[in-house]
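A.B. asks: The residues making up each chain are set out below.
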Amino acid sequence: MTHTGVLHLKGEKRRNRTILSGFYEGAFKFTRPVYLDEETLSVYMIHIGGGYVDGDSYVNEVTLEEGAELSVTSQAASKVYKTISKPVEQVTRIYLAAGSSLDYCMDPLIMYEGARFNQVTIVDIDETSSFFYNDIVTPGWSRDGEPFRYDWYRNKLKVTSGGSLVLYDHLLLDPGKGVEGVLELEGHSHVGSVVLFHPEAGVDFVEKLSDHLEQQFPGVRFGLSSMDKGGVVMRMLGDNTQQLESVTAVVHTFYRETLLQKKEVIWRKY
Amino acid sequence: MMINWMPLLQLSDSQFPSGAFSHSFGFETYIQQDVITDAESFKEALTAFLDRQLAYNDGLAFWLAYQEVKNDGVDLILELDHLLYASTPARETREGNQRVGKRLAKLCLDLYPSHPLEQYHKWLMEKEGYGHPALVFAVVYGAMEVSGSAALETFLFTSLSSMVQNAVRGIPIGQTDGQKILVALQPHIQKTVRRIKEASIEDLGAGSPGLEIAQMMHERLHVRLFMS
Numbered sequence: 004m005t006h007t008g009v010l011h012l013k014g015e016k017r018r019n020r021t022i023l024s025g026f027y028e029g030a031f032k033f034t035r036p037v038y039l040d041e042e043t044l045s046v047y048m049i050h051i052g053g054g055y056v057d058g059d060s061y062v063n064e065v066t067l068e069e070g071a072e073l074s075v076t077s078q079a080a081s082k083v084y085k086t087i088s089k090p091v092e093q094v095t096r097i098y099l100a101a102g103s104s105l106d107y108c109m110d111p112l113i114m115y116e117g118a119r120f121n122q123v124t125i126v127d128i129d130e131t132s133s134f135f136y137n138d139i140v141t142p143g144w145s146r147d148g149e150p151f152r153y154d155w156y157r158n159k160l161k162v163t164s165g166g167s168l169v170l171y172d173h174l175l176l177d178p179g180k181g182v183e184g185v186l187e188l189e190g191h192s193h194v195g196s197v198v199l200f201h202p203e204a205g206v207d208f209v210e211k212l213s214d215h216l217e218q219q220f221p222g223v224r225f226g227l228s229s230m231d232k233g234g235v236v237m238r239m240l241g242d243n244t245q246q247l248e249s250v251t252a253v254v255h256t257f258y259r260e261t262l263l264q265k266k267e268v269i270w271r272k273y
Numbered sequence: 067m068m069i070n071w072m073p074l075l076q077l078s079d080s081q082f083p084s085g086a087f088s089h090s091f092g093f094e095t096y097i098q099q100d101v102i103t104d105a106e107s108f109k110e111a112l113t114a115f116l117d118r119q120l121a122y123n124d125g126l127a128f129w130l131a132y133q134e135v136k137n138d139g140v141d142l143i144l145e146l147d148h149l150l151y152a153s154t155p156a157r158e159t160r161e162g163n164q165r166v167g168k169r170l171a172k173l174c175l176d177l178y179p180s181h182p183l184e185q186y187h188k189w190l191m192e193k194e195g196y197g198h199p200a201l202v203f204a205v206v207y208g209a210m211e212v213s214g215s216a217a218l219e220t221f222l223f224t225s226l227s228s229m230v231q232n233a234v235r236g237i238p239i240g241q242t243d244g245q246k247i248l249v250a251l252q253p254h255i256q257k258t259v260r261r262i263k264e265a266s267i268e269d270l271g272a273g274s275p276g277l278e279i280a281q282m283m284h285e286r287l288h289v290r291l292f293m294s
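Residue numbers (this note's numbering), protein chains in the order written: chain A, 4 to 273; chain B, 67 to 294.
Honestly, the hints are just simulated from the structure, not real lab data.
Quick caveat, the model's predicted, so the values are computed rather than measured.
Heads up, some of the hints might be wrong.
[To be verified] Heads up, simulated DSS-like pairs for lysine-lysine below, C-alpha to C-alpha not over 25 Å straight-line:
| no. | chain 1 | residue 1 | chain 2 | residue 2 |
| --- | --- | --- | --- | --- |
| 1 | A | K232 | B | K263 |
| 2 | B | K136 | A | K159 |
| 3 | A | K180 | B | K263 |
[What the hints assert, rightly or not] Which bits of chain A does chain B cover? Going by a derived footprint, with three or more residues having C-beta under 8 Å, they are:
| no. | stretch |
| --- | --- |
| 4 | 180-194 |
| 5 | 222-235 |
| 6 | 238-250 |
Note that beta-carbon positions come from the ideal geometry of N, C-alpha and C, so glycine has one too.
One chain only, chain A, in its complex shape:
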């Protein structure tokens, strides 16, 4: 089957530096890798088409060999437009070898009227590798001004560590069946998640991070908890993109400084 976009990235460590190779086809491409500072190699994924449309299918793969380090982000928010006949499908596979470290920080996904989006992300990590992931979903503008005119959004993030399943994070937002009430979005419009894995991210780390975040973000409702094998999951509800982006950035920096002993990432975006 032909995909709308295919993107493969591979990082290898050579003499203390990560060397990146890969290819892309169709509507996805990545920029020339740049060092954000002496040690943070970064690459930007770019959606050429301007957005996801009916029947689109994307396949991405990111592999980091032993000890390689990489920060991946998108260049801007992605828009999902009306999907009349077939939902948009996106499958991402991530392989992290021993001691490797990946930041996978995606910009918000904007779901417009009639949009259906089905995403599966399969992450295979080693017990000694580090992984930081985030996503944000927002409803797009609609003609009648109603916030939730998209059909549905489904995101599955499956993480195995050392071969055993440690996280199966499945988020389904289905406005037709009600998303605004209690237990769901509870009056908020935006949902964000952060998932991280690090050998030292235990209950103590979650406790410290919770203390760090406390009272910093009064407008955001969030919770975080620890998974087995150094996993942390954070879920948040807010009313605009900036709110959730700033929580995510604070968590990311706390993770990098505390666990990776590295500086914060300052992305170069317009």
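Given the structure of chain A, go ahead and fit chain B onto it with the hints provided.
C.D. replies: Then chain B, alone, in the frame of chain A:
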């Protein structure tokens, strides 16, 4: 099919020592934050709980495991056990389900032994599986002459009934109000049974973001009546 109702009645009885009554599964957070304050607000939350959390998680896992047992299989039960465990991001809720599931497996093995239950219990003892009450009930009912609809309906009703008992103690609401909610939810349970039967393993684990946050926040509540 002639149904022997007595095991269903016994296992769904509020006196049955399943251990579920120590867990609010996040509802205590809503009670403390004044989101759930009375019978009306509790009913709204419980309906949402049935629609999503029970339907796509415990209920669907129950249904898939029940069918596996009916088809003389057991392997899917271990897979479901891992999926349920990994799809619960709140540690207290995840460990609560694990504790209740293990205890229930042992108890039911004494009361209603069967080959599939022995196998599931063995996985739990050998730490190959984690334990989840939905799977224990599914395996127990699956090994009996109980129709799928009756088993699933009983399971959903029992889960809601234990939440109602907790609400009576925790909010609190009146006993009569609690029972009225269980009457009002009955048609909804039947609708949920039909929805679950149409779903597949691909639908499993779809969580409610607000509820997950409440379950995670529970870890940091200062005074708690419940373990989750």
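A.B. asks: If any of the earlier hints don't hold here, list their numbers in rising order.
C.D. replies: Numbers 1 and 2 - these are the hints that the structure violates, sorted from lowest upward.
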